[in-house]
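Engineer: Sequence:
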Amino acid sequence: MNNSIRVALADDHVFVRDGIKSLLETEENIIVVGEATDGLEALKIVEESKPDLLIVDIRMPHLTGIEVVEKLRAKENPIKVIMLSMHESEEYVLKSIKAGADGYLLKGSSKEEFLKALHTVANGGKYFTGDISSILINQLSNSSAPEHKNNLEDEVAITKREKEILTLLLSGKGNKEIAEALNISKRTAEVHRFNLMKKLKVKNLMELSNKVTEYSLL
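In terms of the numbering used here, the numbers along the sequence shown are unbroken and rise by one, the last being 218.
Hints should not be assumed to be uniformly reliable.
To be verified - Under the rule of at most 27 Å between Cα atoms (straight-line distance), these lysine-lysine pairs were calculated in the DSS-like manner:
id: 1; residue 1: K71; residue 2: K98
id: 2; residue 1: K71; residue 2: K21
id: 3; residue 1: K160; residue 2: K201
id: 4; residue 1: K111; residue 2: K95
id: 5; residue 1: K98; residue 2: K211
id: 6; residue 1: K186; residue 2: K160
id: 7; residue 1: K186; residue 2: K173
id: 8; residue 1: K201; residue 2: K176
id: 9; residue 1: K173; residue 2: K116
id: 10; residue 1: K176; residue 2: K199
id: 11; residue 1: K199; residue 2: K160
id: 12; residue 1: K198; residue 2: K98
id: 13; residue 1: K201; residue 2: K98
id: 14; residue 1: K176; residue 2: K211
id: 15; residue 1: K173; residue 2: K203
Said to hold, decoys possible - With beta-carbon atoms standing in for the labels, derived distance ranges:
id: 16; residue 1: S216; residue 2: N195; range: 15 to 23 Å
id: 17; residue 1: L23; residue 2: N3; range: 17 to 25 Å
id: 18; residue 1: R187; residue 2: E47; range: 43 to 51 Å
id: 19; residue 1: R161; residue 2: K50; range: 34 to 42 Å
id: 20; residue 1: K186; residue 2: K44; range: 41 to 49 Å
id: 21; residue 1: E190; residue 2: H62; range: 44 to 52 Å
id: 22; residue 1: P61; residue 2: R187; range: 47 to 55 Å
id: 23; residue 1: E25; residue 2: H62; range: 24 to 32 Å
id: 24; residue 1: T159; residue 2: P78; range: 27 to 35 Å
id: 25; residue 1: E113; residue 2: D12; range: 21 to 29 Å
id: 26; residue 1: D18; residue 2: V191; range: 43 to 51 Å
id: 27; residue 1: R187; residue 2: E25; range: 38 to 46 Å
id: 28; residue 1: E88; residue 2: S216; range: 22 to 30 Å
id: 29; residue 1: N195; residue 2: R59; range: 35 to 43 Å
Hints listed in this document are in silico derivations from the structure and should not be mistaken for laboratory results. Don't be surprised by glycine CBs; every beta carbon is placed ideally from N, CA and C.
Using the sequences and the accompanying hints, generate a full structural model.
Structural biologist: Here you go:
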């Protein structure tokens with residue numbers, strides 16, 4: 001299957017790995033190519049098996065999930081990474097994003113959400129579960145002015161509202177969900193989305209995600 005998504009799992013609890021593996025093996029286009037019990041093993045499996053996506057527990061022996069992501073990004077490894085955690089902690093979420101994670105899932109997520117997150121991230125998007133989008137929006141709203149702006153942000157003058165829209169878009173939300181989250185009309189959400197993508201000169205969510213990562217817009 002040429003279009004299969006090759007996945008590696010890293011969690012020090014065997015029952016968690018077995019549960020995720022059983023879930024993923026029900027999908028025809030997903031192949032589990034390796035399992036790790038700690039952060040060092042995770043790096044080794046990524047190097048040897050070259051999976052498309054790594055699902056990694058945030059708290060593991062030797063190296064945490066965050067440290068694993070940091071080391072992968074330091075080597076400019078383009079692998080997609082979803083962080084798995086029992087904690088909907090603002091600190092963990094923000095550290096994961098800063099390290100370069102593409103998604104953040106709670107261990108109690110449903111099968112449907114788990115698979116949605118996996119496919120979203122594998123296709124170049126971002127996915128942050130449950131109320132984590134609210135955490136990101138609150139962080140943007142409460143943060144003081146940045147120490148410095150990058151050239152792109154200076155050029156396009158992204159507003160606070162547009163950053164909120166951007167955060168929700170990259171977490172996999174549609175126009176209706178964005179409207180509900182921000183208490184605006186669906187039409188207003190559509191207009192914000194159109195204007196934002198036009199301003200950033202992108203045509204789809206994958207290009208949007210790449211530009212956000214390249215210029216650290218969030």
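Engineer: If a hint holds in the structure, say so; if it doesn't, say that too.
Structural biologist: Do the hints match the structure? See the list:
{"no.": "1", "hint": "K71 - K98", "verdict": "13 Å, holds"}
{"no.": "2", "hint": "K71 - K21", "verdict": "25 Å, holds"}
{"no.": "3", "hint": "K160 - K201", "verdict": "19 Å, holds"}
{"no.": "4", "hint": "K111 - K95", "verdict": "25 Å, holds"}
{"no.": "5", "hint": "K98 - K211", "verdict": "15 Å, holds"}
{"no.": "6", "hint": "K186 - K160", "verdict": "18 Å, holds"}
{"no.": "7", "hint": "K186 - K173", "verdict": "12 Å, holds"}
{"no.": "8", "hint": "K201 - K176", "verdict": "23 Å, holds"}
{"no.": "9", "hint": "K173 - K116", "verdict": "11 Å, holds"}
{"no.": "10", "hint": "K176 - K199", "verdict": "21 Å, holds"}
{"no.": "11", "hint": "K199 - K160", "verdict": "14 Å, holds"}
{"no.": "12", "hint": "K198 - K98", "verdict": "26 Å, holds"}
{"no.": "13", "hint": "K201 - K98", "verdict": "24 Å, holds"}
{"no.": "14", "hint": "K176 - K211", "verdict": "24 Å, holds"}
{"no.": "15", "hint": "K173 - K203", "verdict": "17 Å, holds"}
{"no.": "16", "hint": "S216 - N195: 15 to 23 Å", "verdict": "21 Å, holds"}
{"no.": "17", "hint": "L23 - N3: 17 to 25 Å", "verdict": "19 Å, holds"}
{"no.": "18", "hint": "R187 - E47: 43 to 51 Å", "verdict": "48 Å, holds"}
{"no.": "19", "hint": "R161 - K50: 34 to 42 Å", "verdict": "40 Å, holds"}
{"no.": "20", "hint": "K186 - K44: 41 to 49 Å", "verdict": "47 Å, holds"}
{"no.": "21", "hint": "E190 - H62: 44 to 52 Å", "verdict": "47 Å, holds"}
{"no.": "22", "hint": "P61 - R187: 47 to 55 Å", "verdict": "51 Å, holds"}
{"no.": "23", "hint": "E25 - H62: 24 to 32 Å", "verdict": "27 Å, holds"}
{"no.": "24", "hint": "T159 - P78: 27 to 35 Å", "verdict": "30 Å, holds"}
{"no.": "25", "hint": "E113 - D12: 21 to 29 Å", "verdict": "23 Å, holds"}
{"no.": "26", "hint": "D18 - V191: 43 to 51 Å", "verdict": "47 Å, holds"}
{"no.": "27", "hint": "R187 - E25: 38 to 46 Å", "verdict": "42 Å, holds"}
{"no.": "28", "hint": "E88 - S216: 22 to 30 Å", "verdict": "24 Å, holds"}
{"no.": "29", "hint": "N195 - R59: 35 to 43 Å", "verdict": "40 Å, holds"}
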